[in-house]
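Participant: Listed below, chain by chain, are the residues.
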Amino acid sequence: MFEYIVRRIVYGLLILLVMTVFTFVVMRLVPGDVVTLQLAQAGVVSEEQMAALKSEMGLDKPVWQQLLIWLKGALQGDLGNSLWSQQPVMDMIAKRLPVTLELVGLSVILSLLVGIPLGVVAAVKHGKWADQLIRVTAITGLSIPNFWLGLLIITFLSLWFGWIPPIAYRTFLEDPVVNLQKMILPALALAVTLSASTIRMTRSALLEVLHSDFIRTVRAKGASERIVIYKHALRNSLISVVTLVGLQIGILLGGTVVLEYIFSIPGMGSLIFETVSKRDYPVVQACVLIYGGMFILVNLLVDITYGWIDPRIRHQSSKA
Amino acid sequence: MKRKDVNGVAELSQPGLQLPAAQRAAPRSLFWDECKRFVRTQPTGALSLLFILLMTVTALLSPVLAPYEPDAQYRESIMVGPNADFWMGTDDLGRDVFSRILYGARISLYVGLVTVVLSVIFGTLLGVVSGYFGGIVDMVIQRVMDGIMAIPALILALFIAALLGPDTKHVILALVVVETPRFARIVRGEMLKIRETTYVEAAKAMGARAWRIMLRHGVPNMVAPLTVLASLAFGGAIIAEASLSFLGIGTPPPNPSWGLMLSGATRYMENAPWLVVFPGLALSLSVLAFNLLGDALRDYFDPRLPS
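These protein sequence lines are chains V and Z, in that order.
Position 109 of the first sequence, counting from 1, maps to 109 under our numbering, and the rest follow consecutively.
Residues are numbered in our numbering as their position in the second sequence, beginning at 1, plus a constant of 1000.
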């Protein structure tokens, strides 16, 4: 198991490197750059001024040298400074990341709370009207873009109840009530897609398990339907649900961008959105690195959870 | 038609002689049989397909069907709710929301179609080469694809679209970069399986070249998973285009992109809720149709899965 985890971590780091090189090169290949953008605000500028600013930012060196300098810094925990505000990128990320993590965490919890029970009901009532209803709900939930849902929530809450989410953002520690008031609606909008896929995955995985031989054995020994479903079948289908959450984390993270924008939440999504069009290279680079890192980390955790849910996998990999 | 009937009769009396004609006729009737089976076993999928076709026709005919020009501004009716003249109301510039939604379908379908076609082509090429050759080629292609896929789809699309500036072409480029690895991965998996089959071995034994095996034996055998993924990716592309346009880095104004219409609506949500409701409804319904079609195709191609 240990060796397996180490191998996965090394592989994850390799992916992270590929991703970094990809974004680094793409950002510099695309026409238009930060120097022109910054000097455009100043009005008329000479060639010398442009060159001076370029070398000040280290952008006069070849791309591969810039990449090496950046990588060297990143390995030492220094992600550079913003080209616009001169703030250390690390500080910016440290402020924004917890906000997005809270949003994602809340919506994962909401999705599992809704998705797993509904999925179980659909599988148990296979083919009955409850199953049909849940299936239709799930596919509809999967098709509604979550930013539209966010807009609908804001519109109709204020239209019907005159309620508007608090304007200023407070962290959970500063003011838990305001924080939750602001976060719960976007989390809800975000959770709809994930709970829809959780329902579908729970349902199909549970159906498959319920048709397997060992369930027949459990039933044959006279176990109650409760025991069959909750102790035996659900546990064995959870593995697919966990994988799904791992795979969907990318969709969830993508969804945060638009929802943070709509609900004016100062998270990672609004940070990358604000900085990418200003070509704030170090900040964007760091954001992409964090997003990719989160995706890889979650999928690594998913793989480790496999072993925890299914002891067979744990023993297999420790033998190998 | 007449000749076919004669052949049919002749076939009964002299089956051996009519083999070429039977072979020619077979694929067409097989295709129709399969279509009928799809409609019979997947009624929801068939309805969704019908909806998509209807939507395409409506989008193509929008100059004829729309009651107003999408950009025409009616100064006397600014932000009026749905009524007999303006079925879905008007926006802050006095433009007819219904006409704009009809024209907007063109943008969504265009972005979805071009994205899916290009991603299928590039993804298939990369996946087939990766799966067939294996080794170092496979390693390099797969690591690059993994690297791209580790960036959340919408973040990557936003990254590329925002760098390039608001333009429908840039949205498509961004979405192709996002979708290609997903197609490449599934095609590679299929190619790995196909590579080990006996018919590929037979083709190799007959001296078939690599490209011939990939194109003639590989690709036709992965139509099923590709169709399913294409249908789901189409819906995904429509949502992504709307999201990017909503953020102001997708289709530029004054084009009637659904995302752009929603973005304009945010300023008047309480006063004009119809501006939020109708474009979003159009968006959700079209994505729902593609998702239902994708689901139906999956069940149709693989009846073993519990449906």
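No wet-lab data here; the hints were simulated from the structure.
Be careful, since some hints might not be right.
To be verified - SDA-like mimics (lysine to any residue), calculated; alpha carbons at most 25 Å apart, straight line: (1) K1169/Z with M90/V; (2) K72/V with M90/V; (3) K278/V with R1143/Z.
Unchecked claim - Estimated spans, in silico, between C-beta atoms of each pair: (4) P117/V with D1167/Z: 43 to 53 Å; (5) G32/V with M1206/Z: 51 to 61 Å; (6) H126/V with L1285/Z: 37 to 47 Å; (7) R1143/Z with S85/V: 26 to 36 Å; (8) L1054/Z with R312/V: 42 to 52 Å; (9) Q65/V with R1143/Z: 17 to 27 Å.
As the list claims (entries may be wrong) - Here are some, though not all, of the chain V residues that point toward chain Z, as calculated from beta-carbon distances under 7 Å: (10) F22; (11) V25; (12) V30; (13) V34; (14) Q38; (15) P145; (16) I153; (17) T155; (18) S158; (19) W163; (20) V242; (21) G246; (22) L253.
Glycine included, every Cβ here is placed at the ideal spot set by N, Cα and C.
Participant: Are the hints correct? Go through all of them and say.
Facilitator: So, going through the hints one by one against the coordinates:
no. : hint                            : result
1   : K1169/Z with M90/V              : violated, 34 Å
2   : K72/V with M90/V                : holds, 15 Å
3   : K278/V with R1143/Z             : violated, 30 Å
4   : P117/V with D1167/Z: 43 to 53 Å : holds, 45 Å
5   : G32/V with M1206/Z: 51 to 61 Å  : holds, 54 Å
6   : H126/V with L1285/Z: 37 to 47 Å : violated, 28 Å
7   : R1143/Z with S85/V: 26 to 36 Å  : holds, 35 Å
8   : L1054/Z with R312/V: 42 to 52 Å : holds, 50 Å
9   : Q65/V with R1143/Z: 17 to 27 Å  : holds, 23 Å
10  : F22                             : holds, 6 Å
11  : V25                             : violated, 12 Å
12  : V30                             : holds, 4 Å
13  : V34                             : violated, 11 Å
14  : Q38                             : violated, 16 Å
15  : P145                            : holds, 5 Å
16  : I153                            : violated, 10 Å
17  : T155                            : holds, 4 Å
18  : S158                            : holds, 5 Å
19  : W163                            : violated, 11 Å
20  : V242                            : violated, 19 Å
21  : G246                            : violated, 12 Å
22  : L253                            : holds, 4 Å
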